[in-house]
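Chains as they are written, first to last, in my numbering: chain S, 1 to 273; chain X, 1 to 334.
Honestly, the hints are just simulated from the structure, not real lab data.
Small disclaimer: the values here were computed from a predicted structure and weren't measured.
Here a beta-carbon is modelled for each residue, glycine too, at the ideal position from N, C-alpha and C.
Treat the hints with caution; some may be incorrect.
SDA-like mimics (lysine to any residue), calculated; alpha carbons at most 25 Å apart, straight line [unchecked claim]:
#	chain 1	residue 1	chain 2	residue 2
1	S	137	X	147
2	S	137	X	324
3	S	137	X	12
4	S	137	X	226
5	S	137	X	198
6	S	137	S	186
7	S	137	X	148
8	S	137	X	127
9	S	137	S	174
10	S	137	X	87
11	S	137	X	273
12	S	137	S	116
13	S	137	X	330
14	S	137	X	323
15	S	137	X	164
16	S	137	X	327
17	S	137	X	281
18	S	137	X	144
19	S	137	X	224
20	S	137	S	92
To spell it out: a stretch of chain X is covered by chain S in this simulated footprint if at least three of its residues, at any positions, have a beta carbon under 8 Å from a beta carbon of chain S; those stretches are [stated by the list, open to error]:
#	region
21	229-241
22	276-288
Here's the letter readout for the chains.
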Amino acid sequence: MRITAEEVVWSAAGAPVVRGVSAEVAPGETVGLLGPNGSGKSSLLRCLAGLRAPDSGTVRYDGESVRGWDARRIARRVAFVAQEAGADGELRVADVVGLGRTPYRSRWRGPDAADRAVVAAALDRVGLTALADRPWKALSGGERQRAHLARALAQQPRALLLDEPTNHLDVRHRLELMELLAGTPQTVLVVLHDLSLAARYCDRLLLLHRGRLAACGPPADVLTQELLAEVFEVDAVPAPDALGRPSVAYRGPLRPAPPPTGAPVPVSASDEK
Amino acid sequence: MRAAAFALLGAGVLAASVAAAVRIGTADVGWTDVARAFGGRLGLPVEPLPPLLDSLVWDLRLPRVLMAALVGASLAVCGAVLQAVTRNALADPYLLGVSSGASTGAVTVVVLGIGSHALGVTGGALVGALVSFALLLLLLRRTGLDSSRIVLTGVVVGQLFTALTSLVLMASADADTTRAVTHWLLGSMAPARWNTVAVCAAVTPLGLAAAWLCSTALDGLAFGSDTAASLGIGVRHTRLLLLVVTAVLTAVAVATVGAIGFAGLIVPHGVRFLVGPLHRVLLPCTALAGAVFLVWTDALARAAFAPREVPVGVVTALLGVPLFLLVLRRRGEL
Numbered sequence: 001m002r003i004t005a006e007e008v009v010w011s012a013a014g015a016p017v018v019r020g021v022s023a024e025v026a027p028g029e030t031v032g033l034l035g036p037n038g039s040g041k042s043s044l045l046r047c048l049a050g051l052r053a054p055d056s057g058t059v060r061y062d063g064e065s066v067r068g069w070d071a072r073r074i075a076r077r078v079a080f081v082a083q084e085a086g087a088d089g090e091l092r093v094a095d096v097v098g099l100g101r102t103p104y105r106s107r108w109r110g111p112d113a114a115d116r117a118v119v120a121a122a123l124d125r126v127g128l129t130a131l132a133d134r135p136w137k138a139l140s141g142g143e144r145q146r147a148h149l150a151r152a153l154a155q156q157p158r159a160l161l162l163d164e165p166t167n168h169l170d171v172r173h174r175l176e177l178m179e180l181l182a183g184t185p186q187t188v189l190v191v192l193h194d195l196s197l198a199a200r201y202c203d204r205l206l207l208l209h210r211g212r213l214a215a216c217g218p219p220a221d222v223l224t225q226e227l228l229a230e231v232f233e234v235d236a237v238p239a240p241d242a243l244g245r246p247s248v249a250y251r252g253p254l255r256p257a258p259p260p261t262g263a264p265v266p267v268s269a270s271d272e273k
Numbered sequence: 001m002r003a004a005a006f007a008l009l010g011a012g013v014l015a016a017s018v019a020a021a022v023r024i025g026t027a028d029v030g031w032t033d034v035a036r037a038f039g040g041r042l043g044l045p046v047e048p049l050p051p052l053l054d055s056l057v058w059d060l061r062l063p064r065v066l067m068a069a070l071v072g073a074s075l076a077v078c079g080a081v082l083q084a085v086t087r088n089a090l091a092d093p094y095l096l097g098v099s100s101g102a103s104t105g106a107v108t109v110v111v112l113g114i115g116s117h118a119l120g121v122t123g124g125a126l127v128g129a130l131v132s133f134a135l136l137l138l139l140l141r142r143t144g145l146d147s148s149r150i151v152l153t154g155v156v157v158g159q160l161f162t163a164l165t166s167l168v169l170m171a172s173a174d175a176d177t178t179r180a181v182t183h184w185l186l187g188s189m190a191p192a193r194w195n196t197v198a199v200c201a202a203v204t205p206l207g208l209a210a211a212w213l214c215s216t217a218l219d220g221l222a223f224g225s226d227t228a229a230s231l232g233i234g235v236r237h238t239r240l241l242l243l244v245v246t247a248v249l250t251a252v253a254v255a256t257v258g259a260i261g262f263a264g265l266i267v268p269h270g271v272r273f274l275v276g277p278l279h280r281v282l283l284p285c286t287a288l289a290g291a292v293f294l295v296w297t298d299a300l301a302r303a304a305f306a307p308r309e310v311p312v313g314v315v316t317a318l319l320g321v322p323l324f325l326l327v328l329r330r331r332g333e334l
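Given the sequences, and given the hints that come with them, work out the whole structure.
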């Protein structure tokens with residue numbers, strides 16, 4: 001599914017957070033949404049997921065404006081995975097994943113055989129079939145994140161929107177999750193903090209800076225020394241890792257510019273001795 | 001399957017409990033007396049009971065036991081719903097401050113001496129409950145009705161009306177009135193009559209059905225607003241609907257029999273432990289368990305220190321505390 005943002009503006013308590021972003025995610029693409037803390041990534045993602053109504057601007061799914069759509073209609077198109085969604089610790093994993101069928105169920109009916117088949121397929125897709133009957137509280141962080149992904153897949157959406165899904169995951173689970181996302185046929189828009197992970201798994205990147213789109217394009221075009229310095233305030237260079245995969249190498253945070261050469265260097269009293 | 005078995009068993013136990021509880025009290029009533037009272041009304045060829053005994057069974061005991069069942073179901077389901085809506089395991093039906101409003105209304109009516117006593121208290125309590133709930137909604141009107149705001153605002157409203165109740169009592173009530181009001185505040189089934197049972201019987205099933213139809217939404221709300229909304233749940237509408245439903249159910253229950261504590265807190269936890277947290281199953285089972293729980297605690301309140309009667313709220317708390325501890329222990333939360 002094609003997701004389009006046209007001049008999207010959104011404010012929280014009067015303070016503008018997203019300040020007019022136009023961007024597009026093409027069908028089947030895996031797109032990373034990057035930016036420093038407070039750049040408006042999560043807010044933009046929520047606008048695109050239909051969870052926040054933009055103050056102005058338009059969000060389109062396959063060209064149709066979603067303004068005025070009810071939650072159910074949106075939920076059949078787009079699934080959303082929050083950073084750390086809690087759950088009742090007693091719920092079984094299969095029940096959590098089964099909640100993904102909510103947008104298709106009537107109030108009067110319980111889950112039927114078709115729902116159970118979709119849930120089983122989603123659990124299989126993320127490799128959690130063996131844990132289907134476990135209570136939620138017995139799951140590790142990585143398993144919970146995968147269960148939420150299965151829940152999102154059970155919604156049978158045409159696009160998956162995820163907010164920092166790799167947070168709190170160890171290296172192996174990070175790689176597994178990103179491989180799963182890159183391998184899904186659905187359109188994927190994922191907020192990431194790990195630039196190397198973004199460089200490696202995303203088709204394209206959107207880079208946000210103070211609520212505006214600073215750059216967008218293939219990882220090589222977005223993760224440049226200049227943009228990294230300007231947006232993230234780090235001294236970093238895009239460099240392939242030891243295995244030759246795209247990655248980012250950091251020298252460190254950028255310091256305030258050094259005083260111009262020739263200027264007198266302040267000398268403290270103790271240095272004069 | 002386990003849930004269906006539990007529900008069927010619960011319905012059977014409830015019916016048996018109601019029948020058995022009618023016998024319990026200061027005056028002895030035998031099984032044959034109960035059968036004769038029912039049989040006579042159903043037009044069966046049975047020997048009618050002496051009028052005094054018949055009146056005791058039919059006009060006092062039966063409405064009281066039915067009231068206990070209705071109020072028990074109502075409070076337990078309200079507790080379960082509010083625990084999910086506020087994502088707070090300690091939520092109970094009184095969290096919204098509705099019972100405090102009801103107390104203020106009831107006390108005001110008693111002190112001012114408006115209306116005939118029993119109906120006046122009920123009416124005053126109902127008005128007080130609705131006023132406090134209106135204030136709650138007014139304070140919440142511009143918010144997204146998120147969990148913590150509901151809890152905090154409910155506590156504020158509750159404290160305000162508790163203070164008002166104390167003020168009215170201290171300023172103008174004599175010792176006898178204070179004693180009567182205290183009895184009501186602790187909760188007692190004694191005022192239940194057919195007219196109040198009828199109101200409860202009309203409102204409670206509707207409220208329970210409305211809550212049950214929100215089962216899936218209640219499951220989804222456990223994940224927080226954003227995830228719930230992304231599942232296609234109209235979060236704000238659902239929360240508002242459920243607040244109104246629980247407030248009305250609580251108001252009707254409290255107005256008749258006072259603020260019976262603890263049933264709404266422990267019964268949902270106990271049932272969740274037995275049948276799991278999915279509300280589609282949890283709510284009906286909670287309703288049955290709450291009904292059975294209050295029927296028996298009320299029977300105990302009548303019988304334990306007969307002929308003196310203990311307020312049922314005292315009994316629910318005395319039984320509830322150890323039960324609550326047991327459930328928390330078994331769930332590994334304590």
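Tested hints:
At most 25 Å may separate the alpha-carbon atoms for a hinted pair to count; residue 137 of chain S and residue 147 of chain X meet this at roughly 21 Å. For the suggested pair residue 137 of chain S and residue 324 of chain X, the alpha carbons sit about 20 Å apart, so the restraint of at most 25 Å is met. Taking the CA atoms of residue 137 of chain S and residue 12 of chain X, the gap is near 34 Å; set against the 25 Å cutoff, the hint is violated. For the proposed pair residue 137 of chain S and residue 226 of chain X, the alpha carbon gap of about 21 Å is at most 25 Å, so the pair holds.
At roughly 43 Å between alpha-carbon atoms, residue 137 of chain S and residue 198 of chain X are farther apart than 25 Å, so this suggested pair is violated. The hinted pair formed by residue 137 of chain S and residue 186 of chain S fails the criterion: a straight-line CA distance of about 29 Å is larger than 25 Å. Proposed proximity of residue 137 of chain S and residue 148 of chain X is supported: the alpha carbons are some 22 Å apart, at most 25 Å. The straight-line distance between the Cα atoms of residue 137 of chain S and residue 127 of chain X is roughly 43 Å, outside the 25 Å bound, and the hint therefore fails.
Pair hint residue 137 of chain S plus residue 174 of chain S holds up; C-alpha atoms about 21 Å apart against a cutoff of 25 Å. Between residue 137 of chain S and residue 87 of chain X, the direct Cα distance comes to roughly 16 Å. Compliance with the 25 Å bound is thereby established for this hinted pair. Of the supplied pair hints, the one linking residue 137 of chain S and residue 273 of chain X holds, its CA atoms being roughly 14 Å apart against a limit of 25 Å. Under the criterion of a C-alpha separation no larger than 25 Å, the hint pairing residue 137 of chain S with residue 116 of chain S is consistent with the structure, at around 22 Å.
Among the hinted pairs, residue 137 of chain S with residue 330 of chain X is consistent with the structure: their alpha-carbon atoms are about 14 Å apart, no more than 25 Å. In summary, the hint linking residue 137 of chain S to residue 323 of chain X is supported, as the alpha carbons are separated by about 23 Å, within the 25 Å threshold. Straight-line distance between C-alpha atoms of residue 137 of chain S and residue 164 of chain X comes to about 43 Å, which puts the hinted pair past the 25 Å bound. Straight-line distance between C-alpha atoms of residue 137 of chain S and residue 327 of chain X comes to about 17 Å, which keeps the hinted pair within the 25 Å bound.
Among the hinted pairs, residue 137 of chain S with residue 281 of chain X is consistent with the structure: their alpha-carbon atoms are about 20 Å apart, no more than 25 Å. A distance of roughly 28 Å separates the Cα atoms of residue 137 of chain S and residue 144 of chain X; the hinted pair therefore is violated under the 25 Å criterion. Pair hint residue 137 of chain S plus residue 224 of chain X holds up; C-alpha atoms about 16 Å apart against a cutoff of 25 Å. With a C-alpha separation of about 9 Å, the suggested pairing of residue 137 of chain S with residue 92 of chain S holds against the 25 Å cut-off.
A stretch counts as covered by a chain when three or more of its residues have a beta carbon under 8 Å from one of that chain; for the region 229-241 of chain X and chain S the count is 7, and the coverage holds. Residues of the region 276-288 of chain X with a Cβ under 8 Å from some Cβ of chain S number 4, which satisfies the need for three, so the listed coverage holds.
Checked against the numbered hints given earlier, this structure breaks hints 3, 5, 6, 8, 15, 18; the rest are met.
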